[in-house]
Amino acid sequence: QEPFKGVKELISQDKIAEPLEKGLVRQNFGLTVFKDGTVRFDATNSPLTQFKPSWIGTSIEKLKELGYSHDIDGNPLENPEQTVELRMQDVVIPYESGKYLVSICKYIDTLLEKFYGKTAFYNVSNSEELIGHLIIGLAPHTSVGIVGRIIGYSETHVCFATPNWHSAKRRDADGDADSIMLLMDSLLNFSRQFLSDAIGGLMDAPLLVQPLVLPHESQPQAHNLEVTTTSSLTTSKSRSAYSTLGSMLDKFDMQVRNAELIDAVNTSEIVSDVISTHLVPDIMGNLRAYARQNFRCTGCGKSYRRMPLIQTCVCGHKLIPTITRGSVEKYLKLAKRLVDKYDVSEYQRGRIHALSDEIELVFGKSPGDQSLLTDYA
Numbered sequence: 001q002e003p004f005k006g007v008k009e010l011i012s013q014d015k016i017a018e019p020l021e022k023g024l025v026r027q028n029f030g031l032t033v034f035k036d037g038t039v040r041f042d043a044t045n046s047p048l049t050q051f052k053p054s055w056i057g058t059s060i061e062k063l064k065e066l067g068y069s070h071d072i073d074g075n076p077l078e079n080p081e082q083t084v085e086l087r088m089q090d091v092v093i094p095y096e097s098g099k100y101l102v103s104i105c106k107y108i109d110t111l112l113e114k115f116y117g118k119t120a121f122y123n124v125s126n127s128e129e130l131i132g133h134l135i136i137g138l139a140p141h142t143s144v145g146i147v148g149r150i151i152g153y154s155e156t157h158v159c160f161a162t163p164n165w166h167s168a169k170r171r172d173a174d175g176d177a178d179s180i181m182l183l184m185d186s187l188l189n190f191s192r193q194f195l196s197d198a199i200g201g202l203m204d205a206p207l208l209v210q211p212l213v214l215p216h217e218s219q220p221q222a223h224n225l226e227v228t229t230t231s232s233l234t235t236s237k238s239r240s241a242y243s244t245l246g247s248m249l250d251k252f253d254m255q256v257r258n259a260e261l262i263d264a265v266n267t268s269e270i271v272s273d274v275i276s277t278h279l280v281p282d283i284m285g286n287l288r289a290y291a292r293q294n295f296r297c298t299g300c301g302k303s304y305r306r307m308p309l310i311q312t313c314v315c316g317h318k319l320i321p322t323i324t325r326g327s328v329e330k331y332l333k334l335a336k337r338l339v340d341k342y343d344v345s346e347y348q349r350g351r352i353h354a355l356s357d358e359i360e361l362v363f364g365k366s367p368g369d370q371s372l373l374t375d376y377a
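If you count the sequence shown from 1, position 198 lands on 198 in full-length UniProt numbering, and the numbers rise without skipping.
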């Protein structure tokens, strides 16, 4: 189990922290907290208008309890292969999230009993018992959470819901990932007093909760769509490689390897586009940020716009830069490898080598990577 850790500093205006007991209980259940005091699970969005009970692992009896009495043709719901229209605010979430939400339920029930002296609310032991409970869906950079109801699970890492539900979160469901949290967690543990008073500090937090989705308030995209049939919600691979690969370098290497396997794709053209649109702007932006960086005191944490003549903070401690050489040349080695290996234009090749020379002028010659004895075996 991970060690119990606190934050380095409080970022809110009033410097208010949550009770320490909540962190201890969360740690006991292996949960991590967001900046607003809630616990979340991230999943990719996807629209769904109809479903079969066999797809989501929910029994006919349970679906009838949730209000699903007939299929799309008006026939009584009797077998798991009938097609049923998904209700406006019902969602199908990943099995992985169901297990995580069960841990959150146990965390909340423990808080209610041990910390608040109340009775437990969820009393669940597995993800099936969570069906019918309410969650909140929240998109990044927004402040309004949308209430949804769990009706089943899928083997994918995807949150399936109606286009209107996704649109209420201000999403187009085009591959973006949003977060879900239990409604009780937000009501019990969320506090605006934990949020930063800096610009953007109130984003990504359920400052408001919308209990009902109104279709006439949805974006036009939610109404302008085509519907097609399918035999299953899942494929042989339940999670994309993009979400399992670690660094951006690993993801790009995989993209290039895939391009080399496809005859209709010009790998050099893809590499050239990535260099122009991502690598060069990133390297130049980091170099510009290094030239304009602040300096931070290792003692009191005070920030300086430029290095003082005395070379130290007024408190006497050392000043260190806030941007390192490693962050500036993070993608330089990759860019040099690409321009040397693939058939890119001479202009791009010269631009990358010119950036390399400029970085070397700023920082000095790189000492090189540390080698291991096994490299020479």
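Quick caveat, the hints were computed from the structure, so don't treat them as lab data.
Note that the Cβ used here is the ideal one computed from N, Cα and C, for glycine as well.
Do not take every clue at face value.
[What the hints assert, rightly or not] Derived pair list, reagent style DSS-like, types lysine-lysine, alpha-carbon separation capped at 25 Å: (1) 22 x 106; (2) 99 x 5; (3) 251 x 365; (4) 64 x 52; (5) 251 x 302; (6) 35 x 5; (7) 333 x 302; (8) 251 x 318; (9) 318 x 336; (10) 8 x 22; (11) 106 x 5; (12) 333 x 251; (13) 52 x 35; (14) 35 x 333; (15) 8 x 35; (16) 365 x 330; (17) 35 x 15.
[What the hints assert, rightly or not] Pair by pair, the computed Cβ-Cβ distance ranges are: (18) 307 x 215: 53 to 61 Å; (19) 129 x 262: 41 to 49 Å; (20) 306 x 21: 57 to 65 Å; (21) 3 x 354: 27 to 35 Å; (22) 262 x 357: 31 to 39 Å; (23) 230 x 262: 36 to 44 Å; (24) 306 x 245: 35 to 43 Å.
inquiry  = Checking one constraint from the list: CA of residue 106 to CA of residue 5, max 25 Å. Satisfied?
reply    = 21 Å, holds
request  = Measure nothing beyond the straight line between the CA atoms of residue 35 and residue 333; if it is 25 Å or shorter, mark the hint as holding.
outcome  = Answer violated: residue 35 to residue 333 is near 35 Å, above 25 Å.
message = Please verify whether residue 99 and residue 5 have alpha carbons no more than 25 Å apart.
response = 23 Å, holds
inquiry  = Next pair to validate is residue 333 with residue 302; report whether the Cα-Cα distance is within 25 Å.
reply    = Violated, because 34 Å separates the two Cα atoms, which is more than 25 Å.
query = Are residue 35 and residue 5 close enough, with their CA atoms no more than 25 Å apart?
reply = 14 Å, holds
key: Outcome for the supplied range 36 to 44 Å, where the beta carbon pair is residue 230 and residue 262   = 25 Å, violated
task = Please test the hint of 31 to 39 Å on the beta carbon pair from residue 262 and residue 357.
result = Cβ of residue 262 to Cβ of residue 357: about 35 Å, so the range 31 to 39 Å holds.
ask   = Okay, residue 307 versus residue 215 on CB: inside 53 to 61 Å?
value = 58 Å, holds
request  = Given the hint that residue 251 pairs with residue 318, test it: the Cα-Cα distance must not exceed 25 Å.
outcome  = 38 Å, violated
query = Can the restraint linking residue 8 and residue 22 be considered satisfied, given a maximum Cα separation of 25 Å?
reply = Given that 25 Å is the threshold and the Cα spacing comes to 17 Å, the pair holds.
ask   = Falls inside 41 to 49 Å, the C-beta gap from residue 129 to residue 262?
value = Holds, at about 46 Å.
ask   = Within 25 Å, alpha carbon to alpha carbon, are residue 52 and residue 35?
value = 38 Å, violated
Comparing the model with each earlier hint shows violations of hints 3, 5, 7, 8, 9, 13, 14, 20, 21, 23; every other hint is respected.
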